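Those letters in the sequence shown? Residues 26 to 315, per this note's numbering, in order.
One thing to keep in mind: the hints can contain errors.
Said to hold, decoys possible - Computed cross-link-like contacts, DSSO-like style, restricted to lysine-lysine with a CA-CA straight-line distance of at most 30 Å:
| id | residue 1 | residue 2 |
| --- | --- | --- |
| 1 | Lys-240 | Lys-262 |
| 2 | Lys-56 | Lys-231 |
| 3 | Lys-126 | Lys-253 |
| 4 | Lys-33 | Lys-126 |
| 5 | Lys-185 | Lys-37 |
| 6 | Lys-279 | Lys-253 |
| 7 | Lys-215 | Lys-240 |
| 8 | Lys-162 | Lys-231 |
| 9 | Lys-145 | Lys-162 |
| 10 | Lys-212 | Lys-236 |
| 11 | Lys-162 | Lys-185 |
| 12 | Lys-56 | Lys-262 |
| 13 | Lys-37 | Lys-56 |
| 14 | Lys-126 | Lys-163 |
| 15 | Lys-161 | Lys-231 |
| 16 | Lys-33 | Lys-56 |
| 17 | Lys-240 | Lys-279 |
| 18 | Lys-126 | Lys-185 |
| 19 | Lys-212 | Lys-260 |
| 20 | Lys-228 | Lys-37 |
| 21 | Lys-240 | Lys-253 |
| 22 | Lys-33 | Lys-185 |
| 23 | Lys-279 | Lys-228 |
| 24 | Lys-145 | Lys-163 |
| 25 | Lys-240 | Lys-252 |
| 26 | Lys-56 | Lys-253 |
| 27 | Lys-257 | Lys-71 |
| 28 | Lys-236 | Lys-185 |
| 29 | Lys-37 | Lys-145 |
| 30 | Lys-145 | Lys-231 |
| 31 | Lys-33 | Lys-90 |
| 32 | Lys-227 | Lys-215 |
| 33 | Lys-37 | Lys-161 |
Hints listed in this document are in silico derivations from the structure and should not be mistaken for laboratory results. These numbers were taken from a predicted model, which means no experiment stands behind them.
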Amino acid sequence: MAPRPAWKGYLKLSLVTCAVELTNVVTHAEKVSFHVLNRDTGNRVKRIYVDAETGKPVENEDEIKGYEVEGGDYVHIEEDEIEAVQVDSSNMLSLDGFVDKSSIQQIYLDTPYYLAPADKVSEDAFAVIREAMSAKKKAGLARIVLYRRERPVVIEPLGKGMVLTTLRYDSTVRQPDTVFDEIKTVKLDKEMIDLAQHIIDKKATKFDPSKFDDKYEEALIELIRAKKAGRKAPKAKAAAKPSNVVNLFDALKKSLAADNDESAPAVKATKGAKKKAPAAKKAAPKKKSA
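Please construct the entire structure, taking both the sequences and the accompanying hints into account.
Have a look at this one:
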């Protein structure tokens, strides 16, 4: 069964328009989820709204949204009044500008969605826009209303379709210097950097998301299986702790030596003391391995 679209509307480039739909990239269908139960009866419990002053339950038909203003007063807003709010981006993705995707800092990227033509009639126009963007190696900037919020987005070609990624507003993003300014500048030893680079070279690989296993999810499933079978919950395995506190230079050398031995214990690095001259230099490679 095809996934249900998260949004339907139109993609517009100047006077060219086509019907499109958004589909979530991420699915949580296979994730372990829990219900809240009454410990005594084993029955599921449900959440209900209660009046903050009287403590009495409030029925669905008596609920209304309110926006707090001065003095603790509220402006009442009906659901149909919210639904009636429309702006251009409510159903139109207008490509207003084009950028290099690499020019957008990662801290601004939020949630990805697949963007595809919504019907046969729109396939040609959609393909023209997609191929033009691909040929120019550009990503388009637009705005969209999703879940009652207008969001800036970036759109880029992907295979036969496109990917739309919502962007965070600048006012909501904590800038790096507010965190990184506290990091002190240190004087680095070139030989230690060379060792670290050699370790990186030896561990070079290709990105393969199929190799990523959710260990926590697997542990939850094992817990559920054990409880279902009437067994005790599996004992948690203690996380391996770093051993042999040494200086940073020795930690790098040991890391390099243990690179092909997955069972070797991790080495906790601290800021080192003096380097060991001859022996240390032999460990450092004269050139990087491919």
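Contradicted hints - numbers only: The structure conflicts with hints 3, 6, 7, 10, 13, 19, 20 and 30, although it agrees with all the remaining ones.
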